[in-house]
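Asker: What follows is the residue order along each chain.
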Amino acid sequence: EGERYVLVSHAPDSDSWWNTIKNGVALAGEQMGVEVEYRNPPTGDLADMARIIEQAAASGPDGIITTLADYDVLSGPISDAISSGVDVIIINSGSPDQARELGALMYVGQPEYDAGFAAGQRAAGDGIGSFLCVNHYINSPSSTERCQGFADGLGVELGNQMIDSGQDPAEIKNKVLAYLSANPETEAVLTLGPTSADPTILALEENGMAGDIYFGTFDLGEEIVKGLKSGVINWGIDQQPFLQAYLPVIVLANYHRYGVLPGNNINSGPGFVTADGLTKVEEFAGEYR
Amino acid sequence: MTGSTQTGIADERIKETSFIRKALIRPELGGIVGTIAVFTFFLLTAADSGMFNTQGILNWSVVSAQFMIIAVGACLLMIAGEFDLSVGSMIGFAGMLIAIFSVTLSWPVWVAILLTFAICIAIGALNGFIVIRTGLPSFIVTLAFLFILRGFTIFFPQTFERKTIIGGIKEAAEGDWLAPVFGGKIGGPIFTWLGDVGIIDVFERGTRAGEPVVDGIPMLIVWALGLVIFGHVLLTRTRFGNWIFAAGGDAEAARNSGVPVTKVKIQMFMFTAFCATVFATCQVMEFGSAGADRGLLKEFEAIIAVVIGGALLTGGYGSVIGAALGALIFGVVQQGLFFAGVESSLFRVFLGAILLGAVILNTYIRRLITGER
Amino acid sequence: MTGSTQTGIADERIKETSFIRKALIRPELGGIVGTIAVFTFFLLTAADSGMFNTQGILNWSVVSAQFMIIAVGACLLMIAGEFDLSVGSMIGFAGMLIAIFSVTLSWPVWVAILLTFAICIAIGALNGFIVIRTGLPSFIVTLAFLFILRGFTIFFPQTFERKTIIGGIKEAAEGDWLAPVFGGKIGGPIFTWLGDVGIIDVFERGTRAGEPVVDGIPMLIVWALGLVIFGHVLLTRTRFGNWIFAAGGDAEAARNSGVPVTKVKIQMFMFTAFCATVFATCQVMEFGSAGADRGLLKEFEAIIAVVIGGALLTGGYGSVIGAALGALIFGVVQQGLFFAGVESSLFRVFLGAILLGAVILNTYIRRLITGER
Amino acid sequence: MSDAIIQMKNIQKHFGSVIALAGVSVDVFPGECHCLLGDNGAGKSTFIKTMSGVHKPTAGEIFFEGKPMSFEDPRDAMEAGIATVHQHLAMIPLMSVSRNFFMGNEPVKKKFGINFLDQQKADEITMQEMRKMGINLRGPDQAVGTLSGGERQTVAIARAVYFGAKVLILDEPTSALGVRQTANVLSTVHKVREQGIGVVFITHNVRHALAVGDRFTVLNRGQTLGTAKRGEIEYDELHDMMAGGDELAKLVPELGKQAQ
Amino acid sequence: MSDAIIQMKNIQKHFGSVIALAGVSVDVFPGECHCLLGDNGAGKSTFIKTMSGVHKPTAGEIFFEGKPMSFEDPRDAMEAGIATVHQHLAMIPLMSVSRNFFMGNEPVKKKFGINFLDQQKADEITMQEMRKMGINLRGPDQAVGTLSGGERQTVAIARAVYFGAKVLILDEPTSALGVRQTANVLSTVHKVREQGIGVVFITHNVRHALAVGDRFTVLNRGQTLGTAKRGEIEYDELHDMMAGGDELAKLVPELGKQAQ
Ligand SMILES: Nc1ncnc2c1ncn2[C@@H]1O[C@H](COP(=O)(O)OP(=O)(O)OP(=O)(O)O)[C@@H](O)[C@H]1O
Ligand SMILES: Nc1ncnc2c1ncn2[C@@H]1O[C@H](COP(=O)(O)OP(=O)(O)OP(=O)(O)O)[C@@H](O)[C@H]1O
Ligand SMILES: [Mg+2]
Ligand SMILES: [Mg+2]
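Protein chains in written order, with our numbering: chain A, 25 to 313; chain B, -17 to 355; chain C, -17 to 355; chain D, 3 to 262; chain E, 3 to 262.
There's no promise every hint is true.
DSS-like mimics (lysine-lysine), calculated; alpha carbons at most 27 Å apart, straight line [as the list claims (entries may be wrong)]:
#1 Lys245(B) x Lys111(D)
#2 Lys245(B) x Lys113(D)
#3 Lys253(A) x Lys152(B)
#4 Lys134(E) x Lys193(E)
#5 Lys231(E) x Lys168(E)
#6 Lys304(A) x Lys245(B)
#7 Lys134(E) x Lys245(C)
#8 Lys112(D) x Lys245(B)
#9 Lys250(A) x Lys245(B)
#10 Lys245(B) x Lys58(D)
#11 Lys245(C) x Lys111(E)
#12 Lys152(C) x Lys167(C)
#13 Lys245(C) x Lys193(E)
#14 Lys250(A) x Lys167(B)
Across the chosen pairs, the derived CB separations fall in these ranges [claimed, not checked]:
#15 Tyr282(A) x Arg144(C): 42 to 50 Å
#16 Trp92(C) x Asp176(A): 33 to 41 Å
#17 Val324(C) x Ala100(B): 25 to 33 Å
#18 Gly141(E) x Val215(C): 52 to 60 Å
#19 Thr141(C) x Asn291(A): 46 to 54 Å
#20 Thr27(B) x Val215(C): 49 to 57 Å
#21 Gly151(D) x Gly339(B): 33 to 41 Å
#22 Gly109(A) x Gln122(E): 51 to 59 Å
#23 Arg144(C) x Gly208(B): 43 to 51 Å
#24 Lys245(B) x Phe114(E): 54 to 62 Å
#25 Ala299(A) x Lys245(B): 52 to 60 Å
#26 Leu97(B) x Glu325(C): 19 to 27 Å
#27 Leu216(C) x Leu97(B): 32 to 40 Å
If you are wondering where the hints come from, they were derived from the structure by calculation, not from laboratory data.
Treat the numbers as computed from the prediction; the structure is a model and nothing was measured.
Ideal Cβ placement from N, Cα and C applies to all residues, glycine included.
Chain A extracted, bound-state conformation:
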């Protein structure tokens, strides 16, 4: 009882997807009767994140749940934390191998590149040969990996197909419109989350391509769910961030209380969400989904 766990993410404050994580970890904490904290670098600077992990370790928690957005930057602080007796679970980014190498208990999540690659293969299967990747967070390595993975999955060169859209919805919308009117032969659109997906949906509605162009997205949100339902979006890749936050707390608490630990890593994502079976998703999009 009363264990303390800290979850450290690499996302800037205002990121909506990570908000699901925040809610997930809070819920798990409530249910298990443990103290949980969510920490992140305000601007998304990974170097700042390393400091936060160090600091989390210094505050002597029972466990740390963290992403591995950049192995080079974060491996030092994480392995120091582990060495000083804090149990660590890696979530979301990085890979199971890297987690093992560091001595983390387990890995919960789905590596960004792999997710992008799988999506690319799926799109290739649907006969897609070119695409537009709307990157609203160009500074972040994981966003770029998603686009790169998708391109590799399709078997095409990424090149100019990834645009730096910025985070202003009107600018995203109009950049998508501009790109599509300058490159009318584009066959698919890939967005990286609600920030870029919502305006893109509007853009496609405006230029009449909604439902016509192949549209896939990462992560879920209210508008994305509506898009899936109306057929504007073909699929969404859901890593189920909720599980990435919720499960580690459960695992850690049970490990600390009863010494039980699952033998394998957990794949949080079932992969693709399509128009079928959306009711729960709809209800909790942006909160727990």
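Please arrange chains B, C, D and E with the ligands on chain A, whose structure you already have, making use of the hints.
Answerer: What follows is chains B, C, D and E with the ligands alone, placed relative to chain A:
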């Protein structure tokens, strides 16, 4: 009163300047030159990319109109000798307030909008009041508000809704009388007619095949033009406009001459907040959601547009038309680079270079006009 | 030369001021008060959270040291009457250059580091040169470079490596003579001994079981202290320091008195760039990778630390010790709120409030000292 | 005495720990030029700033046309008829001459029920008033920054006179001016006075004061040393008073006398 | 003529389209006070700025102690021995008196092979020099911003004198000063001149010029109207010359004469 020959008409100590040059040099000149240059450039390089068909024009017009809305506020404030770094955070904050009022609290959308305007304008006044009372540079005061407002913009939705994006505003706004003023479009029938007679293209495929590609002018553009005209008239044709110039040129001198400097400056802070709120409301009504990350870096973009448009960062000089042209240049370049297929990460490099080039040109023009040394 | 009684010792027109008050009022006073307040606060609220154990202390020390490194540069530049908004972008840019030189091009790391320093300092000089030659405000010029440098920081790695993050620098730096100067630690044996005798904690398990939790002082801290001492001595104890004050206080007057203002200002821009590069190099060497997102908003953080530390935004007044205290306050608050368990989105609200409070206090102190009106 | 336009009674003004005025009384009659003399820091500028509404006095009373008055800000004073040309010029270099001329008193014209600036009227009046003062502008939109110091001073005075003040206050209008410009300003003062306007003229220069003054008040360290009428007082006496008694004259006899 | 410290020959200076100096020649001998007179905008400040290295002349030659010289910046001129007190004060209000006093000429002390500022020496000298000038500072670290205008002017002059100039240039040092401060400055000029230093004294005030000047050069619209020796020229003549011929005297006879 006649002994003064030093001011005779011919002055042998001034070399001649041509008449044309004198007619040309006005604050907006830099903006005009820049606009011509930018359009020429893209007409040459991106003419066949769709940038100048109906859809393309609407595309960069909307982006430019966004910049214009905040540029007008920033311009008048800058001429009054201050600036506001909290514009971007204010945009996020205003949007979030509307969302919380209308979705979380389920109040009518018009109440949400009006209340948000009231709160944001009050914050603008507070900004101004602190600047005036403490004599601190507005850079510092508004930097503090940049952080404070952004902090609340993230904190509120997480506390009330456990989300950082609040959606569902479109549904809430259905049937509201005030929402279309920000999120609607005008001139729909005209465009339908234009599409029917073939002057503008119609959609060839998709759900909207047969409809004109452009089905109206977004209210965003109407607001932008309205604010530009309002700002321009206010600045050049009213006594209040003269006070804005005076307050920014030399607050002490203006005060001694009976200009109510404190009032002018605080009102300009309020006007800037008003413009930011218009921006936020249009965005929220168009997209139906408010996000905690909206408006990031918009304060810089507003300042850049204003400065490209010929205003003096230290106040007392500038033009709303210039700022509007600056916003236009900004929007056209940003969108044009996409049409022209330039690597998008280079946009920032272009922006920086244009900014530098524009201010150097503007400084030269200003020195010619004001005889500043 | 004796007729002037107006300057007699007793002046009936000045009311008395107490001696203690006079002894206390110095530029750093605001910083000192703030530091005491902040530590008192956290000692009361977060004493048992690990904030003040060895690891905890190291943690906020490292964060504060980071701020200090850029604050020293920003402080001297601000006192010289200019400021640099491109610091954050410069940090990203410098890190990326090192990565590209050492990883992509496989040059020796020391060559990469030295070349990066040369390039960045040259960019600093260019910044300064443009500011001086065109007479534009440094706000605008360095804002342009904020965009230009960030643009290249994203463009280069995408072009050369098709990523926005380049890793593998740690491996490349192995055995390099220069890398440890930025990425190493000192005092290892002392800490081992401290761990052995039980004064500080040791790791409980893993490959490093038995080693002390803190195994040395990172070079980052050494650089920070070194730069603070260097900056302080330069500013207060050398003739060049006097020129920095003079250049910022009134460039024209300084120039007339024979102070080489142009040189001073450009050198301060170069020094700021140097500090940013030190920051970037330490970070790259410690973490082994460079990302396009490094250094975002660091320019503001540097300016905030300097202003909290009592410097005048408009130049001519300030203290390096004050700036260092400002950085300490900033670092301790940022990390301390975490230890104290405050909702993280509220950090910005605190930061804004502290900034406002600090400048108001500092303004009051400054007016006492300089008799400014 | 009751027909004085403005009476300042026992005015005190403190700035924080500095006592700038320690009780000064002065009154101004229509058509007279009242000279205020005094050394640096005597409080002359501070005094006239309380008169023109820039500062509020810490203590003391102001009577305007016999009625007690307290000006909230410079606009109030201006509206009551007190025009001031401040020592540090109240001109904005980046703005045009006509905009400066009418700053704070812009002429308006109603159109569609809205008060618009009457730019044309402003321009015409400016050109005409400047011509009266002997300054030929390139145009009303010429920036003040392109004028010489003397020209700027003249604009400021022309403005004050134009707005039909009952009292015109000039704070050291001649200190930075050359011979020609000085003569110009002094003759303007003379003309203004003849129109029945009360002039308060501040100067360090006893000769300038004697050239146009009707009464002379000497301030010293925030206090009045008394007021004298024209003809009642001689150059030397005034000069010695300004210098704070005759001690100075003894100390640097040769230079002190010759200088002023 | 060859023993002049500084000879300026046919100096021209253009700013963009403005011709500020159209060929002015002046020379300064040791121990003389050379007065430069002229109306606003005559080019006096511009002229002495070329002398002190602030501006480079567009055309013309400068001989310093007989040798042709061209100053790259004010430091060069200072090192050669030309000290200048500029019209718009070369003092920085936020800095302490002693830092201002030594600005650009800070005393240094070698320690560990590094040149450190000798603050103690600077403070002592400042206090002592200011005391000589009759100003009792609260301390050497008092900010210049807390001094009165007259005191600041005196600091600037004390500084120039202290640095052992061969030529001391004063640009309108008395224009904003009261009687007492003026007398102070004039007697300083007198003392400096007696030490064999050449003084260039710029003023609008003919009386001030006559009080200390040995030679008088009148500038008008960027040109010299000639140079006269003390005793060769009378007050009225100088005054008329400054005003650009006698036309002015005729036009405003009463005021023009009485004023200066
Ligand atoms: N705003 C202010 N705050 C503090 N002290 C002030 C302020 N204004 C003036 N003083 C002080 O009040 C005193 C009188 O100043 P004032 O400007 O009235 O003198 P003055 O007679 O006009 O001098 P001068 O001839 O130099 O113009 C001075 O000691 C001055 O330092
Ligand atoms: N930096 C400059 N750029 C352009 N014009 C200038 C510059 N400096 C001076 N001038 C012009 O040169 C002329 C001479 O100016 P200067 O300052 O030398 O006059 P002055 O004799 O010192 O006048 P005052 O008695 O008012 O001080 C003026 O017309 C002035 O406007
Ligand atoms: Mg005064
Ligand atoms: Mg001059």
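Asker: Hint compliance check: list the failing hint numbers for this structure, sorted ascending.
Answerer: Hint check: 6, 7, 9, 13, 18, 19 and 27 fail, others pass.
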